[in-house]
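There are 2 protein chains.
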Amino acid sequence: MQENELYQWLAGYGIPVPDYKFFPLHGELISEPYPVALKIVSPGIVHKTEVGGVALNLDSPQELEKARERILANLHSHGIIPGEGDGWIVTRMYEGIELFFGVTWDPAFEKVILFGAGGTRVEIDRDICYIDSEAGEEEIKHAISRTRIGRIFTDGFRGKKYDIRLVVDLVQKLQRLEVSELDCNPVMLTENGLVVVDARARVGDLPLPGRPLKHIPALFQPVHTAIIGVSGHTEKVGYALAKNNAGDPDCCYVNPHLDTLFNKKVFARIEDLPEIDTAVLCIPPGALQDSIERLIPKKVKNIVIITAGFREAGRDERFLQELADRYGVNIIGPNCLGIYMKGKNLTFGPESMKNGEVNLFSQSGAIVAELMDKALYRNIGFENIVSTGNMADVDFGNLVYSYQGMHAINLYIEGVSNGKNLLRAIRQRKVPVRVFKAGRTEAAKKAAFSHTGNLAGNYELFTGLMESAGAQILRDINGLLYPYDLKKVLIVTNAGGAGTVMSDLISDKLLTLSGEQVDELGKVLPHHWSKNNPIDIIGDATHERYLKVLEIADRFGADAIYVLVTPQFMTDTEDISRIFVDHAFHTQLFPVLLGGVKMEAARCILRKAGVTYFEELTEAVSFL
Amino acid sequence: MQENELYQWLAGYGIPVPDYKFFPLHGELISEPYPVALKIVSPGIVHKTEVGGVALNLDSPQELEKARERILANLHSHGIIPGEGDGWIVTRMYEGIELFFGVTWDPAFEKVILFGAGGTRVEIDRDICYIDSEAGEEEIKHAISRTRIGRIFTDGFRGKKYDIRLVVDLVQKLQRLEVSELDCNPVMLTENGLVVVDARARVGDLPLPGRPLKHIPALFQPVHTAIIGVSGHTEKVGYALAKNNAGDPDCCYVNPHLDTLFNKKVFARIEDLPEIDTAVLCIPPGALQDSIERLIPKKVKNIVIITAGFREAGRDERFLQELADRYGVNIIGPNCLGIYMKGKNLTFGPESMKNGEVNLFSQSGAIVAELMDKALYRNIGFENIVSTGNMADVDFGNLVYSYQGMHAINLYIEGVSNGKNLLRAIRQRKVPVRVFKAGRTEAAKKAAFSHTGNLAGNYELFTGLMESAGAQILRDINGLLYPYDLKKVLIVTNAGGAGTVMSDLISDKLLTLSGEQVDELGKVLPHHWSKNNPIDIIGDATHERYLKVLEIADRFGADAIYVLVTPQFMTDTEDISRIFVDHAFHTQLFPVLLGGVKMEAARCILRKAGVTYFEELTEAVSFL
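Those protein sequences? They're chains V and C, same order as listed. 118 is the number that UniProt numbering gives to position 118 of the first sequence; each next residue is one higher, with no gaps. 295 is the number that UniProt numbering gives to position 295 of the second sequence; each next residue is one higher, with no gaps.
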């Protein structure tokens, strides 16, 4: 599209474009008021500036005429001879702050709007944010606030005030624009308005949108289950799955070569099963389609495919999505560890998991296995676990959209194929959604691709869109193991240094102590305590001082109190750890036992009592 | 200084300034060639632009004259009436890339040069680096490379090439300039040169430089030691110090109220001691000066003051520096945990520390205590530990400058008063210097101040200067516990997800496998292994596959191999952990045992055998 056509087209959407006039190649150039800019318009010239096709700040008809000659000479020196259909655009000169707006089409997120600092800064600074085409006003503002240039809307700039609504309005117009690629640079912003001074677009057939977001609450309520492909060989996953469900009378086993397993009858054929809602399949890839079709008459709703060897091995798995759509069932996997739902452990991971509050939906089965094992050690319980595997059908969007519980949702993601649906689901969330995204660096993207066949995508685009939609991005994978949602916390510490380090990690979550609270604590503390949060109760603190301080701080209304214990000369670590076992507090307490040998017995006390504790500051804040 | 005077002064140092002419307030304004800029010059006007005192792009004498009237009207509207001594500067218009150069005076680092993106970007982007006034060419280039604008010197910009030597040259001139505050903005950069278009300076008496950097190698070689203020009461630090040195025949105890302690004679008075090189004092603050003076005749070289209650409690401690200077001794502390030197444990921290390779110099005694305890648990040995305390005399600069060993130096720093000396010491280092700096956020700065009385300073300035001088900035405090200096590593993993996450953490340290190496590994691995580093040996790997892969990878010349083990269905964790105990490898191996319950026995095997291992990915890379 030529510049004059583009201006017209943008103006049709209410987008502010310059006052401009089009002149034929050899026509007279006149314009008012001066100064003006002159630009060549020719289908063959995409980057006008680079071939000397633009002249700025022209003050008179004479200068316009001289500029035309100069531009033609420039073009000539680049081997460009404009044709008869070509011409000139003369526009007013605009001043203001240079902004950048763009539209791009991402394979996972479809249409995405870009906003940031414009002019040459696009290339040097990449001070850009990403905005989903379906983002509402608040989400747009949130994205803008994450750019450096965005500060001018809150702080002003050099005594001038700029209205963020101008930017939001243009973003919303770009959201409606039917285009897959557009660059507006610069867009000139003044206190009174903005105008798209220069733009380039590729208009053509829009790519097709992805699958609609399906609602699958049944996945979270398995009752009558079956494991297809149980095994008596301990080294087979069909054995582990059977073992993890040996105590469940509503779980049926299927294997044509077995009669009983774990004192349970084994069905020879799927046809022999009673009605079931959830089936787990650990059978050869070639047997999957047939088995799924034979499960349909059993009223199955959820099919979990443990079997590997599909996309990650370069083999086609699209038939699974087709089966899911044709029969209206939910397919998890293939290539996964299984699912755990409120005590029903349909995974081949550890048995005897504790029921609890953590929701973990993970694209990596090994990460699930690791976190389950760690949770066992630390007495952490799960509400639901889904090892998503290759996501031939059910993906993160479906899971977040359909979860109806009360606790935070933690996601481990390497790459998604339908990010748009995940954003839609996150926008409707009623609980916090936390995301750990692997594949930030090129090396990690390569590693992720080699083990899942997933493209990891652009990390900044992914995390930017997720954050603006309302998800929290975790920087530490350990954060996936905790269900807590904390806004304001207290730190009680016997080591000023550790309190300082922790403050750096969660500076925006520190509750500010009131004067009365400082006075109250002062009554039980040595005079040189910190009089501040972190509450530094000094290195010689024993369990008595810890207890007195915690009893007072318990009334301060924090969401949690981190209790840092370092092994100093007077520190009675075991007695301190018993505080968390023997005393009841209103506030959630998190002991953070820093050290090694001197902390072993204390940690043991907490582990035995089922108290959640941390061994590292970074782990303690990993979910914040 | 007026603009015309400033131009002259800068030009005197060989700094490129614009061609300019000065005109009296009502004199005729003429200039060649056009276009030009016109600026008011008046002692009362510091920020010309903000009062409309500048006109740009003037094309003729007529425009110059109109601009003068416009500027006078602008000034009038701001209530400014120029006096008879005031005048005008007319300069050529300069085009190019806008840069910022500055000089500032920091309380800890004294004179510091700033460089970055200029014009309005100084305020919006703060794309700035800090350069020490003593930095050499390579250090200057290193700093520049950490700005975004610095990319134009490597990548060019819009087809043009820019020469970093122009920037280095101007920085070096600013290093020589006798000024404590200077802003040059913008400095216009073209392919052919640069020119300081606008500048402001504060010239006056320069602040005095800090203490010279003294060399204190004797600190690291204590032989004949004394503990002044030993105690028989187990809750006193004088007891712990005595206990930690009970087995050392060269360590004398002093306490007027004791005869013997731990079967050792206790001297009643300092006068009774034999000659000693190192004394540790845990006596009341008021007794310090007298004791130090009585130690001088004993030829003491190092005095370690455990005693607290000085600057951190608001009490003057400058007499300690005066004593150190007067008698030529090294004073450590006050308010510290002591020192540990190659087996001599002059701390009141844990006894029976392992001798090893880690050097830890820390401003926080509690952090020392925590890391010593953790090291005991993990079988990590120390070469030297210095708990620096308040640094009344010996500071980080002295320690880094005087260490003559072979291993990396790890520093925990909250705030320094003589950063210039530390930079000088780091520049002369023969071993890696790693720094964890607490006090990045305002909350943490407040916490640090309340427990040490130290101002934490500007984090970006501190870390920028340190990094350019050659130190490595640690983001995770756990990194202080390891002596390793790794350039290229391999990752062997049974979990693709964990390998991906780790790749994100150390993407620039991954060794690239050659085609032959891939072929060699392929002979012992399933066909769907990753064929890449991380070497994903697939979830069903047992110890046999781990061993085969490690025996091959051992020949690849990596500085270390991280061996990630996650508890998957087939994982024989104990047998895998025995590989690290039973087999000898050329390459340093780091087992990373991820999980909980299933890893406990394996961790135990490694701990008992004294093998360094990790439980978290973040910890495993904390020192890289």
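To be clear, the hints were calculated from the coordinates, so they are not data collected in a lab. Take these hints with a grain of salt, some might be off.
[Said to hold, decoys possible] Okay, the calculated bits of chain C under chain V, using three or more residues with CB under 8 Å as the criterion:
1. 160-171
2. 393-400
3. 524-533
[Claimed, not checked] Now the in silico label distances, taken between C-beta atoms and shown as ranges:
4. C/154 - V/342: 42 to 48 Å
5. C/289 - V/377: 50 to 56 Å
6. C/597 - V/507: 30 to 36 Å
7. C/381 - V/249: 54 to 60 Å
8. C/134 - V/206: 29 to 35 Å
9. C/296 - V/610: 55 to 61 Å
10. V/43 - C/202: 55 to 61 Å
11. V/377 - C/215: 47 to 53 Å
From a predicted model like this one, the values you see are computed outputs, not experimental measurements. For each residue, glycine too, the CB sits at the ideal point set by N, CA and C.
Violations among the numbered hints, reported as their numbers in ascending order: 1, 2, 4 and 8
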